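> The chain contents come next:
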Amino acid sequence: MKHHSLKLILYILLMIQFSVSAQTFDSNREVFTSEELKAAGILNLSDIYRLSVRWDRTSIDGYNFLGVAGAQSVYQKQNFLVLINDQRTDINYLDEQNVNLLPFTIDNIDSVIIFYSPELYKGEYTNNGIINFILNKPADGLSINALQSIGNEVGDPGPYIYTKYDSPNVDKLGYIAGVNFSSKGNEWFIAGSFKFAENFVTDPAVIDRIQSVSWNNKTNLSGASAMLGLNKFSGQHNLIFNYTEADGFYFSRQFGNEIPGKRIYKHIGLDGNFKLNRQIRINYYITTGSNSLLNRDEKIDLTYDLEVNSTRGRLEGLYTGDNFNARLGISYNKYEGRRSDIQFNETYNFLKLYGSLVFGLSDFVEQRLTFQTTKNLDDYSVNGRLVNVWTINNNNSLFTSISYSENLFNENSNYWSWSQNEMPVTLPEFTNIVSDGNFSKAKSLGIGAAYKYSSQPLFEIESGINFISNENNYMEVPVYSYDKDKSLFNTMMYVINDQHYNVVTLYSDIKHKISRVFSHKLKYSYQSIIEGSSEIKNVWLEFPEHKVYYSLLMQPSETFSILAALRYASSTEWYEYRYISSQSFNRYSNKIENQLVADLSMQKWFWSKKIWVNLMFNNIFNQQEYYHPIGASLDFRMYLQIHIYLQSILS
Amino acid sequence: MNSLCMKLNLHNIKLSMCIIGLIGIVPLSAQQVPYTKAFSEIVIGGNYVWNGSIGDLDEYWTSDHGVDGFIQTPFYAGDIKISLTYIPFTGNDAYHPDFNSYYINLGWKENLYFSNNMSINVGAKIGSFMMSFQDDTLSTFRNQESEIGLAAEAGFKFGVSSEIDIQINANFLSVFTSRRIKLFNIFAGVSYAFTSPKWMRKIVE
Numbered sequence: 250m251k252h253h254s255l256k257l258i259l260y261i262l263l264m265i266q267f268s269v270s271a272q273t274f275d276s277n278r279e280v281f282t283s284e285e286l287k288a289a290g291i292l293n294l295s296d297i298y299r300l301s302v303r304w305d306r307t308s309i310d311g312y313n314f315l316g317v318a319g320a321q322s323v324y325q326k327q328n329f330l331v332l333i334n335d336q337r338t339d340i341n342y343l344d345e346q347n348v349n350l351l352p353f354t355i356d357n358i359d360s361v362i363i364f365y366s367p368e369l370y371k372g373e374y375t376n377n378g379i380i381n382f383i384l385n386k387p388a389d390g391l392s393i394n395a396l397q398s399i400g401n402e403v404g405d406p407g408p409y410i411y412t413k414y415d416s417p418n419v420d421k422l423g424y425i426a427g428v429n430f431s432s433k434g435n436e437w438f439i440a441g442s443f444k445f446a447e448n449f450v451t452d453p454a455v456i457d458r459i460q461s462v463s464w465n466n467k468t469n470l471s472g473a474s475a476m477l478g479l480n481k482f483s484g485q486h487n488l489i490f491n492y493t494e495a496d497g498f499y500f501s502r503q504f505g506n507e508i509p510g511k512r513i514y515k516h517i518g519l520d521g522n523f524k525l526n527r528q529i530r531i532n533y534y535i536t537t538g539s540n541s542l543l544n545r546d547e548k549i550d551l552t553y554d555l556e557v558n559s560t561r562g563r564l565e566g567l568y569t570g571d572n573f574n575a576r577l578g579i580s581y582n583k584y585e586g587r588r589s590d591i592q593f594n595e596t597y598n599f600l601k602l603y604g605s606l607v608f609g610l611s612d613f614v615e616q617r618l619t620f621q622t623t624k625n626l627d628d629y630s631v632n633g634r635l636v637n638v639w640t641i642n643n644n645n646s647l648f649t650s651i652s653y654s655e656n657l658f659n660e661n662s663n664y665w666s667w668s669q670n671e672m673p674v675t676l677p678e679f680t681n682i683v684s685d686g687n688f689s690k691a692k693s694l695g696i697g698a699a700y701k702y703s704s705q706p707l708f709e710i711e712s713g714i715n716f717i718s719n720e721n722n723y724m725e726v727p728v729y730s731y732d733k734d735k736s737l738f739n740t741m742m743y744v745i746n747d748q749h750y751n752v753v754t755l756y757s758d759i760k761h762k763i764s765r766v767f768s769h770k771l772k773y774s775y776q777s778i779i780e781g782s783s784e785i786k787n788v789w790l791e792f793p794e795h796k797v798y799y800s801l802l803m804q805p806s807e808t809f810s811i812l813a814a815l816r817y818a819s820s821t822e823w824y825e826y827r828y829i830s831s832q833s834f835n836r837y838s839n840k841i842e843n844q845l846v847a848d849l850s851m852q853k854w855f856w857s858k859k860i861w862v863n864l865m866f867n868n869i870f871n872q873q874e875y876y877h878p879i880g881a882s883l884d885f886r887m888y889l890q891i892h893i894y895l896q897s898i899l900s
Numbered sequence: 462m463n464s465l466c467m468k469l470n471l472h473n474i475k476l477s478m479c480i481i482g483l484i485g486i487v488p489l490s491a492q493q494v495p496y497t498k499a500f501s502e503i504v505i506g507g508n509y510v511w512n513g514s515i516g517d518l519d520e521y522w523t524s525d526h527g528v529d530g531f532i533q534t535p536f537y538a539g540d541i542k543i544s545l546t547y548i549p550f551t552g553n554d555a556y557h558p559d560f561n562s563y564y565i566n567l568g569w570k571e572n573l574y575f576s577n578n579m580s581i582n583v584g585a586k587i588g589s590f591m592m593s594f595q596d597d598t599l600s601t602f603r604n605q606e607s608e609i610g611l612a613a614e615a616g617f618k619f620g621v622s623s624e625i626d627i628q629i630n631a632n633f634l635s636v637f638t639s640r641r642i643k644l645f646n647i648f649a650g651v652s653y654a655f656t657s658p659k660w661m662r663k664i665v666e
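Protein chains in written order, with our numbering: chain B, 250 to 900; chain Y, 462 to 666.
Just so you know, these hints were derived from the structure itself, not from any lab. Please read all numbers here as calculations on a predicted model, not as lab measurements. Do not rely on the hints blindly, as some may be mistaken.
[Said to hold, decoys possible] For each label pair, taking beta carbons as the anchor points, the in silico distance ranges come out as:
{"id": "1", "chain 1": "Y", "residue 1": "Lys659", "chain 2": "B", "residue 2": "Leu519", "range": "46 to 52 Å"}
{"id": "2", "chain 1": "B", "residue 1": "Gly390", "chain 2": "Y", "residue 2": "Leu567", "range": "33 to 39 Å"}
{"id": "3", "chain 1": "Y", "residue 1": "Gln595", "chain 2": "B", "residue 2": "Glu585", "range": "40 to 46 Å"}
{"id": "4", "chain 1": "Y", "residue 1": "Leu567", "chain 2": "B", "residue 2": "Phe767", "range": "31 to 37 Å"}
{"id": "5", "chain 1": "Y", "residue 1": "Leu567", "chain 2": "B", "residue 2": "Ser471", "range": "47 to 53 Å"}
{"id": "6", "chain 1": "Y", "residue 1": "Leu567", "chain 2": "B", "residue 2": "Tyr799", "range": "30 to 36 Å"}
In this text, a Cβ means the ideal position worked out from N, Cα and C, and glycines have one as well.
Modelling step: build the complete structure from the supplied sequences, incorporating the hints.
In structure tokens form, the structure reads like this:
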């Protein structure tokens, strides 16, 4: 599909439908409440991807998952937006986004809002999905919450360690502890949290590589967060501080193995608004943050000391009329890359102009138009989206959307954007990376439609289809070969540019309340690449074509529930590891077969909802469960979570 | 069910399916506890434990008799209980150190009453099977091991009075070590029931 003709269609549509209102049904938006997250046994923040079949996820260590929203990107480009209480924060480091780095636990979360498609949201336009963590609102007086979680995976040798049946030890996993406090007055609030997590790498698929690069097999994370809020100056103003240090093993696609390193994430942000009158509001934010990886305990010669700093500022006006609202804003982003050991100091600046118009054509038709243009050096990009929602009657709604997005290469803040003048990392000799450096502005066209029938609270069904056409994309094409003597991968990687490919996705969600005690959900998604070069099609094989999630909730009382869930994902194939089966003497395989996994969790509140205990069992039938060809296998495992909620204790 | 399991190629499924079958089928025929009876009484008890079989461990260790203590209460359906079972194991030779096992678990069971003071029960338990090895060559960290243990249980209860019962149970415990530990145990003991104090109901309800 030619993008210039589609641009014209979009332009005409904009002209004839230049009015929209607040939408009710958005097929590209999904919200998970705190109760849903807890009932599903979410431990790490990155486990959230498990709840939606519209996320694809992968993990090498088994507890840090990387996600891709709605087939908008691929695993090698982790670039969805992360927001905390509507404030954007940067956790991306060379195309890896690990939300576990955020310094709060599941205990702090009120809800999680996810977008799966191009969207202008809180002044940020993205083509790659959004995850917005809405944290708990402080209650009056002083509130203190705490969480402790511990897990165990089957497969220890036990007493057989003294017999011919000896096998490697499998250590405890999923140790997470967190505490947070909050307080609120008439015009202010304050909240703080601390998080600590610890794990040991013991899985046979990973441990040999770790031992080849590091003297250690332990990972730990410590993080602290503080929030201050003020209701002053005719508006609400929020200040957020985040700091996390995480010692761990970071898989580098360019290196092909884990890097033992200390990952540091920092964020300071101020956002807020001034209400000038009933109709006009000014929103603003200013944030700064940094992401870096420092060496630790490495056995081999690696220098991985790139620090990426980001600064963002935004100012926008919002006008609310009787049946419409309009938003116009300007924002500035700056990325700065620095290395400590060599002369490396690169900076990219972006100036953006954006706006949206939301209008109610009638009681039945709602529309929304958003646009953004971005300028960097002599280049610029244009993004736009038009949404229509038809509320046919109380039960039936129809949703359509069309979007056009451009992505400036320098906005990626990844290995390739930083390596245009100097290499951002010093890799060992056994890596061989080739790129002609001819990266261009990527373009994407998205067309979507969805239908929803709802007879709440008993039954709801929603189904949708999306078509995504991409142009001028680049893709990394590595070939990893396994050196069994060193227990390491050798990497040969080249980059293909100017790639065109089309993707189609389908999804369907059904919610049904069977009785006062029982309710269940069924979610299904399908995705397929329908046009593209063989290299791109090979990359797409890393995603399961079909995914199904079914959950049955039994809640006989307000304080006790049991959730049983089934997760299915069809097989995947990882072309970049196509030789590992023979090279590793069948230790690894580049194909992950169909996976059907069952989970069971039991939740109980105690002491007038002051203590919440969750006992959960994942993969209870001990099936094959892993998410990367060289990743850890997740066998039957048991977790115990204890949450303590002391709300408004001094009010 | 069996054909489904075979089709899905479910490994290690026999015990799990047996327990799920118990949970799914038993409530249909059993006396349902009204929700209001949940946590209405507390039962505390103790058992003497005879170990009938220790499976493959038999080649290397000998089990001694153990003890078991539990606390139990009616739940929204059936009873739930928390119990701790201690069984010591003695090595058959110097290469196999003695170890103590502590199985701390959460259990659920359903009762079928024949009369006011006689009932049989079936249920399941899941918990952590902890092992403490008497081996000075290992670090303190490695001296202590724990693994998930899943058990199916059936028993008989006879009421001596309105508060005191005598019970006999048998259970099959599978511990999910890389090579399974399979134990068959018989429990016999006495229990005492009393109405839950208000403060306790306030905590658990």
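> Indicate, hint by hint, whether the structure satisfies it.
Each hint, compared with the structure:
A C-beta distance of roughly 50 Å is found between lysine 659 of chain Y and leucine 519 of chain B, which places it inside the suggested range of 46 to 52 Å. Glycine 390 of chain B and leucine 567 of chain Y have their C-beta atoms about 35 Å apart, which keeps the hinted 33 to 39 Å range intact. Look at glutamine 595 of chain Y against glutamate 585 of chain B: about 59 Å separates their beta carbons, and that is not inside 40 to 46 Å. Restraint check, leucine 567 of chain Y to phenylalanine 767 of chain B: a C-beta distance of roughly 22 Å breaks the suggested window 31 to 37 Å.
For the pair leucine 567 of chain Y and serine 471 of chain B, the supplied restraint of 47 to 53 Å is violated, since their beta-carbon distance comes to about 31 Å. Separated by about 25 Å at the C-beta atoms, leucine 567 of chain Y and tyrosine 799 of chain B break the suggested range of 30 to 36 Å.
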